[in-house]
Each structure stands twice: as structure tokens, then as C-alpha cells.
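Number of protein chains: 4
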Amino acid sequence: MTTGREAIQKRTTVDVRGVTIGGDDFVVIAGPCAVESRDEILTTADAVRRSGARILRGGAFKPRTSPYSFQGLGEEGLKLLAEARETSGLPVVTEVTSPELVDLVCRYADILQVGARNMQNYALLEAVGKVRKPVMLKRGMMSTIEELLLAAEYILSSGNTGVVLCERGIRSFEKATRYTVDISAVPVIKKQSGLPVIVDPSHGTGHRDYVASVALAAAAAGADGIMVEVHPSPDNAMSDGIQSLCFADFAALMDRLRPVVSAVGRRIAPAGSR
Amino acid sequence: MTTGREAIQKRTTVDVRGVTIGGDDFVVIAGPCAVESRDEILTTADAVRRSGARILRGGAFKPRTSPYSFQGLGEEGLKLLAEARETSGLPVVTEVTSPELVDLVCRYADILQVGARNMQNYALLEAVGKVRKPVMLKRGMMSTIEELLLAAEYILSSGNTGVVLCERGIRSFEKATRYTVDISAVPVIKKQSGLPVIVDPSHGTGHRDYVASVALAAAAAGADGIMVEVHPSPDNAMSDGIQSLCFADFAALMDRLRPVVSAVGRRIAPAGSR
Amino acid sequence: MTTGREAIQKRTTVDVRGVTIGGDDFVVIAGPCAVESRDEILTTADAVRRSGARILRGGAFKPRTSPYSFQGLGEEGLKLLAEARETSGLPVVTEVTSPELVDLVCRYADILQVGARNMQNYALLEAVGKVRKPVMLKRGMMSTIEELLLAAEYILSSGNTGVVLCERGIRSFEKATRYTVDISAVPVIKKQSGLPVIVDPSHGTGHRDYVASVALAAAAAGADGIMVEVHPSPDNAMSDGIQSLCFADFAALMDRLRPVVSAVGRRIAPAGSR
Amino acid sequence: MTTGREAIQKRTTVDVRGVTIGGDDFVVIAGPCAVESRDEILTTADAVRRSGARILRGGAFKPRTSPYSFQGLGEEGLKLLAEARETSGLPVVTEVTSPELVDLVCRYADILQVGARNMQNYALLEAVGKVRKPVMLKRGMMSTIEELLLAAEYILSSGNTGVVLCERGIRSFEKATRYTVDISAVPVIKKQSGLPVIVDPSHGTGHRDYVASVALAAAAAGADGIMVEVHPSPDNAMSDGIQSLCFADFAALMDRLRPVVSAVGRRIAPAGSR
Chain A
1 MTTGREAIQK
11 RTTVDVRGVT
21 IGGDDFVVIA
31 GPCAVESRDE
41 ILTTADAVRR
51 SGARILRGGA
61 FKPRTSPYSF
71 QGLGEEGLKL
81 LAEARETSGL
91 PVVTEVTSPE
101 LVDLVCRYAD
111 ILQVGARNMQ
121 NYALLEAVGK
131 VRKPVMLKRG
141 MMSTIEELLL
151 AAEYILSSGN
161 TGVVLCERGI
171 RSFEKATRYT
181 VDISAVPVIK
191 KQSGLPVIVD
201 PSHGTGHRDY
211 VASVALAAAA
221 AGADGIMVEV
231 HPSPDNAMSD
241 GIQSLCFADF
251 AALMDRLRPV
261 VSAVGRRIAP
271 AGSR
Chain B
1001 MTTGREAIQK
1011 RTTVDVRGVT
1021 IGGDDFVVIA
1031 GPCAVESRDE
1041 ILTTADAVRR
1051 SGARILRGGA
1061 FKPRTSPYSF
1071 QGLGEEGLKL
1081 LAEARETSGL
1091 PVVTEVTSPE
1101 LVDLVCRYAD
1111 ILQVGARNMQ
1121 NYALLEAVGK
1131 VRKPVMLKRG
1141 MMSTIEELLL
1151 AAEYILSSGN
1161 TGVVLCERGI
1171 RSFEKATRYT
1181 VDISAVPVIK
1191 KQSGLPVIVD
1201 PSHGTGHRDY
1211 VASVALAAAA
1221 AGADGIMVEV
1231 HPSPDNAMSD
1241 GIQSLCFADF
1251 AALMDRLRPV
1261 VSAVGRRIAP
1271 AGSR
Chain C
2001 MTTGREAIQK
2011 RTTVDVRGVT
2021 IGGDDFVVIA
2031 GPCAVESRDE
2041 ILTTADAVRR
2051 SGARILRGGA
2061 FKPRTSPYSF
2071 QGLGEEGLKL
2081 LAEARETSGL
2091 PVVTEVTSPE
2101 LVDLVCRYAD
2111 ILQVGARNMQ
2121 NYALLEAVGK
2131 VRKPVMLKRG
2141 MMSTIEELLL
2151 AAEYILSSGN
2161 TGVVLCERGI
2171 RSFEKATRYT
2181 VDISAVPVIK
2191 KQSGLPVIVD
2201 PSHGTGHRDY
2211 VASVALAAAA
2221 AGADGIMVEV
2231 HPSPDNAMSD
2241 GIQSLCFADF
2251 AALMDRLRPV
2261 VSAVGRRIAP
2271 AGSR
Chain D
3001 MTTGREAIQK
3011 RTTVDVRGVT
3021 IGGDDFVVIA
3031 GPCAVESRDE
3041 ILTTADAVRR
3051 SGARILRGGA
3061 FKPRTSPYSF
3071 QGLGEEGLKL
3081 LAEARETSGL
3091 PVVTEVTSPE
3101 LVDLVCRYAD
3111 ILQVGARNMQ
3121 NYALLEAVGK
3131 VRKPVMLKRG
3141 MMSTIEELLL
3151 AAEYILSSGN
3161 TGVVLCERGI
3171 RSFEKATRYT
3181 VDISAVPVIK
3191 KQSGLPVIVD
3201 PSHGTGHRDY
3211 VASVALAAAA
3221 AGADGIMVEV
3231 HPSPDNAMSD
3241 GIQSLCFADF
3251 AALMDRLRPV
3261 VSAVGRRIAP
3271 AGSR
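Residue numbers (the working numbering), protein chains in the order written: chain A, 1 to 274; chain B, 1001 to 1274; chain C, 2001 to 2274; chain D, 3001 to 3274.
Here chain A stands alone, though its shape is the one from the complex (with noise of 0.2 angstroms):
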């Protein structure tokens, strides 16, 4: 019933600037939902970078439900995660929401994400097919896993080789966690394809309280690594707040961390690092 999926049988590794997803390292990737000024992103970065974390994330164009919510800062968003780059040593993951947008975010971001609610927006999959840059292509959070498989296809068969897969929670009845956390996703993603694969803890529980026990669960799965929000003071946050760290939450998360990825036999960045 499956159709083809030519282009994803290898297994590969993603390289962002240096940094390699896929192989041996588990690679975390922090940062606040969205860019919100200069001082929020510098500090976040530094913070993140100094507890293990080896990419920074952080939102420029944000897709949201609502069109009266906050959009994000754009462009100038874009210029402040380059300025964090600069500072802070990190790699930057960025989401790019349209396909007229994939030349600008192409200039700033090291790795570009396509969001859950763009798994299926195939003009956006081909543009970013036909970039030069890597890709992080999120499950729709009602996708199934085939489906995330053929949408990563339309990228690796428009000519980009550099996908990485995430898997942030999907729908279900259950209502203690904003999305339901597929585990088992890790391994199905590994047997199926060749791709690296991360887990999204944040978006995934929806709560701060629950997002350290599945980052340990992605690490221990087999996932490539994990994306995780932080924000200097989540309380105050313009968006997803209550499922974003604060700076020593993350710290403590990272020192969990590390004795679970040793004991499934990967590396991952010591803290104090650059």
C-alpha cells in the first residue's frame, strides 16, 4: 500500500555547520520559542551553549493559529539569531513558513525547519528541496509516520539530501499533555529509514513538569538528539510560556542527560563546552 521511498533507505548524517546529527553525539538543540529582542536571544544562547546544548532555536515567522496572535519578529528576528551565531558559537535553526520566504531564511539560518502544520505543504517541501541548506522536517501532529516518511521524500527527491526528521507529539484524546508523545516513533523512523531523528519534548507535552522525563525517554528510545524551549523568564514568555525552561531548569536537564546518552553508548557535549 506504501509507494516508493527511494531516497530514504541510507543511513545518513546531517551536517549543520559543523555539527553532525545522526552519528554518534546526541545533539540537543535549545532555545526560546521566538526571537523576542536582543537580550532574550544573546542571553538564551549563552546560557544554552554553556549547559551542553550544541544548536540554538528560535522563531522569526511564526505560524499560529490565531491571526491576531504574535507573528513573530520577521526579518529583524532573523538578524538577531545571526547576532546570537556570532556570539555564541551555535549553529541556528529557524522555521521558514512559506515558500517566498525560503531565500531570506537561507541567508540567516544554518538548518531550516519545516513546521507540523506545514508536513504537507508540498510547494514549501520542494522549495526547501531545492536549497543548499539542511532541513528539520517536523511530524504533522495527526500525521502518521509513512506519511512524514513520503514528505521528507518530496525534499530528498527535489535534490536535498540533508533531512532530519522530529517527532513533537501528536493528537489523542488524552488531555494532561497538550500532544501525545509517539515513542515508539524512534524506532519505527530507525527500521523504516535511514534518517536521523529528534524528539521535541516541549511542543510534545505542552508543560514544563513532564519535558525532562520524555527528553531522557527520547535519549534512551535511540532519538539523534532532542529540541527543547528555553526562555530567560518562561512566565513572561509571548508564546508557550508554560512548556518553555528557564536557564537552570535546562542545566538540570542537561546533568540528567548525560548519564542516560552514555549508558545507551552515544556522546553528547559537555557543559562549559564552546
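Each hint should be verified, as a subset may be incorrect.
[Claimed, not checked] Just some of the chain D residues that point at chain C, by a computed CB distance under 8 angstroms: (1) Pro3067; (2) Thr3097; (3) Ser3098; (4) Asp3103; (5) Asn3118; (6) Gln3120; (7) Tyr3122; (8) Ala3123; (9) Met3141; (10) Glu3147; (11) Tyr3154; (12) Arg3171; (13) Lys3175; (14) Gly3206.
These are calculated hints, taken from the structure and not from any lab test.
Keep in mind the model is a prediction, meaning the values are calculated, not measured.
Just so it is clear, CB atoms sit at the ideal spot from N, CA and C, and this is done for glycine as well.
Following the hints, position chains B, C and D against chain A.
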């Protein structure tokens, strides 16, 4: 409980080249999943018009889960739709899949369809919000009614007041049907907004044996119309043949639909009318 | 992949003390969620009978999610139901929640209800399979149609051929309604088995504003009846008041139902009949 | 937001014939889906004990979706379990499926299992609430965590304080696995109650290839143990063979589990211990 939906509180009707959706008439939209050939679309247009359909559907740009599936005829398909409009007199609805295609599709279509996979493609919503053609917005198979109404708000707040909503089935655990038609969505949408709402029993059930029952249910539940896939030879269709009706089955459905539509105090075009 | 369903292939009708379910009549079952008092059940029985209901419902043993919620009047409730049958002439349906209660409930009820939470309580299914009263088996809120039919098979293969199935809404991610009524279940069940099937729009939607639309939809889709919660004073009901209709709303629903039932070629009891 | 859960706020441990669940030990429960023969259960008990399992599982009364599937050996199965306890020294868990069977199962089992399909079988919950054996309550595949905690409250409020909860996968739209293990349930339950919680990766994934990853994830997420299906010859098992591990795969899983359990500060029985 939710954020603003300023633009959609008043009961509205939408005019599609002289056909009013949301008024006393129960409007049947019919046609093939994809425009495949001149003969296919012209004969289908003629057949569905004679049975009482008021608008012709047909896909020229097809968003497909796999990049290796048939993607539609593109502009050639749009031209064939326009020809079918000339010969049948029926206005035409067809899907637009990215912002760059909006101008092109507007030159041929009488109402633009935004498909389920693009319901939260905000760049596309804003683009169709700026044109002077009405829009049919399909509910995402993973989207709540709340999110559907907020997606509509993107179009309405961009200046386009001609929005028709379409319930086309949501994803559930049940696998006897392709999706689960959420029949309650009809009264919920009617209560929470003033926008017209139609039901798509073809995609909703994914199987022609169940289309008629769900079509009748939609009429009884208070929907303003239905959209049904009809093909000259369903078993030979290039996409979605299993859920398409042949001409005779569509005519039989219309015969069963008439008394139900009358029973709820609506009107429906008689067979053979033009 | 499906195991045997030997017993349920023939189209059957079920006789409930003279009321036939699954034949030409569209049978309306109505009454309160729970039997609360003598006055409540007698006045409700009289009111629903006058509007055209054919069977009286009322819970005496209530399966409740919390052990601290009202659990029903028990045998006292059964006695009140029997008295209401005498005064109204309506047969009575009530739920049985464990094998030990089957004999007791059989002494009072005309048709035994197995609730959604007990759909796979096989000891109970076998127990009701051994009695000479018909059974109404409600679909579990997260059970497939396949599993519903196999649960029915437990009853049928135990020797009881009087089984009526009831679609009462399944669990989905949508939260505008309490459950999602799977209207397609009606034609799917009709195709795959010969058993009568009714719809419960009260539990299915969880909100009285949506009950009428879904009731009409059920009739149009080909259901053999509906089961509706009616209470003398819904806002004061001990359980499920928000989804219960008052007498006037029930009468109005019946008036809207009659032309739809006629439109699909079925009959419905006139108002005021006995 | 919910009703009372008076009895379950304190952190508790549950003693199963000398094995403590909910304390520092990470407890592995292993054994076949069903007790099939004397040889099968005795050899499995010996094998899993040697690899480090602390409790033996095995079904004697099997609730099956179809009445025509293998229903278990009944009391004969219970006797074989008791014999396996003698030879291996492992306490025994087995399912009880109706109130009438509680006394019988109590004579043989060290901890009673209430299965997912019976999570809201309140008569059964009350019956096991009145005995002096601990109970493992499995989450219904259609039940929220809230409902699971309230079901536990039925047992606790009946007087039995020895309740262990088990996450065993919920139903979602994803079909690559049989169910979707809700890994977040572990921290959510830990936050909302004091009861021990274990994970069943065998039923949760439905496929042996994914059992190890989810087992490791459960340990990392903070679960108090796991329950795993092990069979001498999975491809010849009478039920659930596809999700069962052979002895060698189980031993390998235990070897991978040890460092992860240590990494989160828990202990696990060494291989070869008794």
C-alpha cells in the same frame, strides 16, 4: 473560551457566479477528483448538471501524499474546467495549493478551494484573503472546529468575506472508513459562526458504498450543501476511484436527497434543470 | 484479518414487548439518564409517550467514572421503571452493569442495555447472552465497528439472538462535543451485519443544542431508531443534564423528525398515540 | 478540575510477596501472554528469572475480542503458574476478568491484574478492592489518565491500598504500532498520584522490534518497572506471538536496560540472581 473571531459572527451567504451557498438552496457540488482529460470533464459536467448539481468540481493541482503520485494536469486542467463551465453552465471550484498559484487559479475558477492539508498554511490563507473570488476552506483532518474557524478568520481578516467551510472527515482510530465524518460539526459551526458549511461525504468516508447515507445525513443535519466525487468510470479513475460515484449512482443519490432536503425545509435543483 | 461473525449475517428484527426494532418503524427511545424519583420517571414516561416515543429509558445502576458520583437508585429504580411501564404502556430499557445483576434486571426490564464501558466485559456479554430478553449493546467510545460486531457475537453465540447495536459517539481530538458521533457507522454496520442499529445523539454530542441535528442525521443515514435523554428539568438533573432535552424540546424534535423519517421511507409513531 | 481522588495522594510502595514496586528497585515482570502448557511456563519462568526478572506473568483467563479465539486454560493455567512460582521463586501476576473469579484467582496469584478492557468494569474494581492481594490496574486503551486514576480510586476506596498502575498504550490514528505508548503518562501519573506506575512495551507497541526501545524509554522516564511478554518460541505462541521476545532477546534487553536504570539512579536485579 477562545481568541477573537471578529469577522465571522454574522450569518452570510456566498455567491458563486449566481449560485448562492448558505441560503434556502441546498447546493450540490459534483465532479471528478482530478481533471484527467477533456472528455472526462465535459461528460461529467453534463451528467451531474442533468442530475441537479449546481457547481462543478475538479482538481488541476493535486496535493498528493507521495511525490511519485499523479500530481494533476496543472494549467491545462484549469483550461478544461473553464471549457466545461462553458458547455454546462456550471460554475467551477478547484484547489489552489500555494500562494504563487492564486492568480493563475483565479483566472479560471469561480470559487477557490483550500484543501485540508493546507488549512493552516497561513501564507496561502492570506493570499486567498486578498482576491475577489470566494473560497471554500476544507477542515484539516487533524484540526478542531475552533482551528477551522480561526483559519477562516485569516481569510476574512485579509478582506475576503466569501468563505464557505467544508467538513470532510477527521482522523480517528476507526478504520472501516477512510476518515470519520464529524456530523456534529454542522450544528457546532452553525452555532459558533455565520458561515455556510457543506459536507464532503466522498473524502469523508473514502468508500462509495457509504457516500449516500452520509450525504443524506448532512442534508438532515442542516448543511448548506455537499460536495461529491463523480467519475465516468470510477474503477479507472487516476485518483480516489474507490470513493467516486458513477453517473447512475449519482443520479440515484440525487433522487434520494430531494425528499430529505424538502423535509428540512430547503430547496434543491430539480433533475434536468439548467 | 477478521475472525468469524457467524451469527450475525442475516437481517434481523428485534421485538421489545411488541415494539419491533429493525423493521419499517423508526423507533424513538426516550427518558432520563437516571431514574431519580417516582415523579420524575412517571411524568417523563407520559410526556415522551405523548410525543411519539415507543420505549422508555432510565438508568438504575449507573456506571460512573468516579466512585464518589451518584451511582443510581439500584433496585428501587427498577421498580419505578416498572411502574412507569404500567402507567405509560411503554416497554423499558435499562442498563445492567455486572453478571450478578442480570437476573435482577431481567425481572424488570424489557430490553437490557450493555453500556459503552462494558462493551468488552466478556463475562457480562456471556451472561446477557443466556437470558431470554433482548439486549441493546452500545459501542465503546474507543472501539472499532469490528470490535462492536465481535462483542455482539459473544451474545449471539451464547444463544440470544435479540441484539440491537447503538452508536453513541467515539473519542476523538475534537472537544466542541463530548464525543464524535460516527454517522458512517450506520451504513457500515448495515453492510457488515444484519443487526438493527440505533444512534444516541445525547451521549454522542454531550450537548442539547446539537441533539436534534444529529438525531435527524441518524434517521436520514438509515438508522433504525434513536435514543434520546429527556428530563423534566434538565438543569436540575443528577447526571448528564447538559445533554438532556426538556419536554417541549423533545416534542419539537419529534415534529422535525417525522418528515425526515418519511423522506427515507420509514414510519414513526404519531404524537399522542398509545 | 476533577472529582476527588482522596485515597491516592501519598507516595506508596506495593509489596508483592517480597518484591517491592515503587521503591528504589526497577522491577521487571516477564512471561508469556498466555499459559499454554507446563513446559512453556516452567521454562519461561526459569529463563526470565535468570535474566533478572522479578515477577512472572502469564494469562489463564484471556479476554479476547472474538468469542472464537483461544480463551486461556482457566484454573488449570492458574495451577501451572503456582507450580512455576515454586520452581522459580518468582511471584506471579495473572489477570482476573470478572467478579466471580476473584476468589479463585486470589488462591493462586500474588498480584491480580485488571486488564485494559475492564478498567471501567466497576463491579470488578470493587471486587478486587475487597481482597488482601495487590492489584495491577492497566489503563484502558481508550481511557484518559484522569479516568485511570479514578478507576484506581474505586479499588482504593474499597479498602485495598496495594494498587500498581500500568501504561500499556492508547489508541491513536498511527498504525505502524498496535497502540501508541503514552510515555508522558509516567511523569503525569507521578505528579498527580503517589501510586507506582509501570509500562507494558509489548502490548504498547505490538511488535517485538520496538519493545526494547520503549522499555529503555520507560526506565529513563521514571517508571517503576516494565512488563514484557517472553515466550520460548514466539512464532508458535497461541496469542500475541508477534510482540513476544524469545529468551535471548529478553536477556539482551536486560543487558541494555541495566545501565539506563543505573543512569536514573535506580537498581535492577543482576542476571543470574535468585
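Results of checking the hints against the structure:
no.: 1; hint: Pro3067; result: holds, 5 angstroms
no.: 2; hint: Thr3097; result: holds, 6 angstroms
no.: 3; hint: Ser3098; result: holds, 3 angstroms
no.: 4; hint: Asp3103; result: violated, 13 angstroms
no.: 5; hint: Asn3118; result: holds, 6 angstroms
no.: 6; hint: Gln3120; result: holds, 4 angstroms
no.: 7; hint: Tyr3122; result: holds, 5 angstroms
no.: 8; hint: Ala3123; result: holds, 3 angstroms
no.: 9; hint: Met3141; result: holds, 6 angstroms
no.: 10; hint: Glu3147; result: holds, 6 angstroms
no.: 11; hint: Tyr3154; result: holds, 5 angstroms
no.: 12; hint: Arg3171; result: holds, 5 angstroms
no.: 13; hint: Lys3175; result: violated, 12 angstroms
no.: 14; hint: Gly3206; result: violated, 14 angstroms
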